[in-house]
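Colleague: One letter stands for each residue in the lines below.
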Amino acid sequence: MPADDSVSFSSVTVTLAGFPALLNLSLEVAAGETVYLRGPNGAGKTTLLRTLAGLEKATRGSARVLGVGLPGGERSLRALAGMMGTRSHLYEDLTVAENLDLARRLLAVSSSRIDDAAELFGVRGRLWRQKVASLSAGQKRRVALAGLVAKNPRLWLLDEPHSSLDAAGRDLLDKLIAEATKRGAIAFVATHEAEAGRAGGRVVEMVGGTVRPAASGGGGDSGPEGLE
Amino acid sequence: MIRRAWAVARKDMLIEYHSRVALNQVIPFALAVLLTFGFALDTRDQLLAEIAPGLFWVVVLFSSLYLIARSFRVERENAAMEGLVLYGIDPMAIFLGKLAALAVQMLVLEAVAAAGIVILFNPPVGSLGLLAISALAATLAIGSIGLVYGALSSSEHSGESLLPLLVIPVLAPIVISAAKCWSDAESAGAGIYDPWLKIVSIFGAVFLAVGAAGFGPAMED
Numbered sequence: 001m002p003a004d005d006s007v008s009f010s011s012v013t014v015t016l017a018g019f020p021a022l023l024n025l026s027l028e029v030a031a032g033e034t035v036y037l038r039g040p041n042g043a044g045k046t047t048l049l050r051t052l053a054g055l056e057k058a059t060r061g062s063a064r065v066l067g068v069g070l071p072g073g074e075r076s077l078r079a080l081a082g083m084m085g086t087r088s089h090l091y092e093d094l095t096v097a098e099n100l101d102l103a104r105r106l107l108a109v110s111s112s113r114i115d116d117a118a119e120l121f122g123v124r125g126r127l128w129r130q131k132v133a134s135l136s137a138g139q140k141r142r143v144a145l146a147g148l149v150a151k152n153p154r155l156w157l158l159d160e161p162h163s164s165l166d167a168a169g170r171d172l173l174d175k176l177i178a179e180a181t182k183r184g185a186i187a188f189v190a191t192h193e194a195e196a197g198r199a200g201g202r203v204v205e206m207v208g209g210t211v212r213p214a215a216s217g218g219g220g221d222s223g224p225e226g227l228e
Numbered sequence: 001m002i003r004r005a006w007a008v009a010r011k012d013m014l015i016e017y018h019s020r021v022a023l024n025q026v027i028p029f030a031l032a033v034l035l036t037f038g039f040a041l042d043t044r045d046q047l048l049a050e051i052a053p054g055l056f057w058v059v060v061l062f063s064s065l066y067l068i069a070r071s072f073r074v075e076r077e078n079a080a081m082e083g084l085v086l087y088g089i090d091p092m093a094i095f096l097g098k099l100a101a102l103a104v105q106m107l108v109l110e111a112v113a114a115a116g117i118v119i120l121f122n123p124p125v126g127s128l129g130l131l132a133i134s135a136l137a138a139t140l141a142i143g144s145i146g147l148v149y150g151a152l153s154s155s156e157h158s159g160e161s162l163l164p165l166l167v168i169p170v171l172a173p174i175v176i177s178a179a180k181c182w183s184d185a186e187s188a189g190a191g192i193y194d195p196w197l198k199i200v201s202i203f204g205a206v207f208l209a210v211g212a213a214g215f216g217p218a219m220e221d
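Chains A and B, in that order, are what the protein sequence lines are. Residue numbering for the first sequence follows our numbering, beginning at 1 and increasing consecutively. Residue numbering for the second sequence follows our numbering, beginning at 1 and increasing consecutively.
Don't read these hints as lab results, they were simulated from the structure. All values reported here derive from a predicted model rather than from experimental measurement. Be aware that one or more of the hints could be misleading.
[Stated by the list, open to error] The calculated lysine to aspartate or glutamate pairs, modelled on DMTMM-like cross-linking and capped at a C-alpha distance of 25 Å, are:
{"no.": "1", "chain 1": "A", "residue 1": "Lys131", "chain 2": "A", "residue 2": "Asp116"}
{"no.": "2", "chain 1": "A", "residue 1": "Lys57", "chain 2": "B", "residue 2": "Glu50"}
{"no.": "3", "chain 1": "A", "residue 1": "Lys57", "chain 2": "B", "residue 2": "Glu220"}
{"no.": "4", "chain 1": "A", "residue 1": "Lys57", "chain 2": "B", "residue 2": "Asp221"}
[Unchecked claim] Selected chain B positions facing chain A (Cβ under 7 Å, derived; list incomplete):
{"no.": "5", "residue": "Lys11"}
{"no.": "6", "residue": "Met13"}
{"no.": "7", "residue": "Ile15"}
{"no.": "8", "residue": "Glu77"}
{"no.": "9", "residue": "Ala80"}
{"no.": "10", "residue": "Pro124"}
[What the hints assert, rightly or not] Far from chain A, some chain B residues (derived; all Cβ distances over 12 Å):
{"no.": "11", "residue": "Val8"}
{"no.": "12", "residue": "Leu14"}
{"no.": "13", "residue": "Leu61"}
{"no.": "14", "residue": "Ala111"}
{"no.": "15", "residue": "Leu165"}
{"no.": "16", "residue": "Ala188"}
{"no.": "17", "residue": "Ile202"}
{"no.": "18", "residue": "Ala213"}
Here a beta-carbon is modelled for each residue, glycine too, at the ideal position from N, C-alpha and C.
Construct the complete structure from the given sequences, taking the supplied hints into account.
Modeller: Rendered as structure tokens:
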């Protein structure tokens, strides 16, 4: 029985419009791990992230994510997961301040927590009163990340997180992921970057909707155990 | 849940405040339709007064479809609805919040369209109470059903063009009974015990319940 702070997938299949986007996927991830998902387009990386976020339902098999059983517990899981996909989840017609204020109200967190997160990603200054529609892709990414950090999720789900970010933004995000996993959070990072995992974490190669054992990262803290 | 529903409603009202779509596009559209009918039938005053109730609710229904489609268009941009879902909030809170914001916009639209009807077509008004209560019940019914079908048709695959096809047949009874209420409200002895008001109220309550129950599954679909 996995601990309540781990992730355990057992022969999970997720079918999207009749197509098995994940196929008999089994995976064990312990608390504090960073998992880099790599693989060609269509390998199932994004579907895995979305299933972990409770956005897709397992059609076969079962999983336990942070103590939540899948299928069935998707709604509970959403409150624990923080996902940043390829889209920002921001409202174009609202300002940066209004988007983050919405996050504050829905998360029921303090204004200072939102302000600190916005400050961290450099969106508290001149961008604060700007409509999201007028921001660049990288700036939108920073606003979305500020919301994610304010949520302080136990499960970080990041799809190509470095996309559109400048070097400082990438370093900051990597630092935040490292800090979160040190506190016991789990991070899944879908990426095409060849150097992903070299500084630590586990690399999982995906192909055809499932995972195959891969070499651990250079400074990795774990091998491919648990992969089938 | 109420706090989160308020956050969603506030967000939708802020979007309208910034974009002014209802104010600058939907209300002018409603007035343009009324004007068109006014010009087309301008020599037949009696006919204008007779068709005014039905025309009012048809205009409100069509204009509301635009508001409903718009309400989901902003959720589709950047997959914002998915962002809402990822806060782990109850779909009922999203439904109530979006319904509140939509109802406010619809009531403003109805007030302006009603003023237009009175100015252009000059129908008699015997009971404002009957008009107001029936409008409120019909607004909640149109909004509730509109949100369910809006959520169903908001996927990028089906598109907004599906919304009128799905909604208009379902809402026909509410439009007919609300128009009958207005017709009854024109007579001097009309009041809130009007039989058509009972029908509108029942439809309002049933559609609100159906909307509340159906929105979550429609959104998750």
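Colleague: Each hint should be assessed against the structure and marked as holding or not.
Modeller: Hint check results:
For the hint linking A:Lys131 to A:Asp116, the alpha-carbon distance of about 20 Å falls within 25 Å, and the restraint holds. Between A:Lys57 and B:Glu50, the direct Cα distance comes to roughly 54 Å. Violation of the 25 Å bound is thereby established for this hinted pair. The hinted pair formed by A:Lys57 and B:Glu220 meets the criterion: a straight-line CA distance of about 10 Å does not exceed 25 Å. Taking the CA atoms of A:Lys57 and B:Asp221, the gap is about 11 Å. The hint holds against a cut of 25 Å.
A distance limit of 7 Å between C-beta atoms decides the matter here; for B:Lys11 the minimum to chain A is near 5 Å, and the interface restraint holds. Checking B:Met13 against chain A: minimum C-beta separation of about 11 Å lies over 7 Å; hint violated. A hinted interface residue such as B:Ile15 counts as satisfied when its beta carbon comes closer than 7 Å to some beta carbon of chain A; here the least separation is about 5 Å, so the hint holds. With 7 Å as the threshold, the beta carbon of B:Glu77 comes within range of chain A, its nearest partner Cβ sitting at about 5 Å, so the hint holds.
Interface hint at B:Ala80: satisfied, since its Cβ lies 5 Å from the closest Cβ of chain A, which is below the 7 Å cut-off. A hinted interface residue such as B:Pro124 counts as satisfied when its beta carbon comes closer than 7 Å to some beta carbon of chain A; here the least separation is about 42 Å, so the hint is violated. Under the 12 Å C-beta cut-off, the non-interface status given to B:Val8 relative to chain A is violated; the minimum distance is some 8 Å. For B:Leu14, the non-interface assignment is contradicted: its Cβ lies about 6 Å from the closest Cβ of chain A, within the 12 Å cut-off.
The beta carbon of B:Leu61 is kept farther than 12 Å from every beta carbon of chain A, the shortest such distance being approximately 25 Å. The beta carbon of B:Ala111 sits about 24 Å from the closest Cβ of chain A, which is more than 12 Å, so the claim that it is off the interface holds. Annotated as non-interface, B:Leu165 keeps its C-beta farther than 12 Å from every C-beta of chain A; the closest such distance is 22 Å. Non-interface call for B:Ala188 relative to chain A: holds, since the shortest CB-CB distance, roughly 46 Å, exceeds 12 Å.
Remark: the non-interface label on B:Ile202 is consistent with the geometry, its nearest Cβ contact in chain A lying 32 Å away (cut-off 12 Å). In this structure B:Ala213 is separated from chain A by more than 12 Å, as the shortest Cβ-Cβ distance comes to about 16 Å.
In summary, the structure is inconsistent with hints 2, 6, 10, 11, 12 from the numbered list given earlier, while agreeing with the others.
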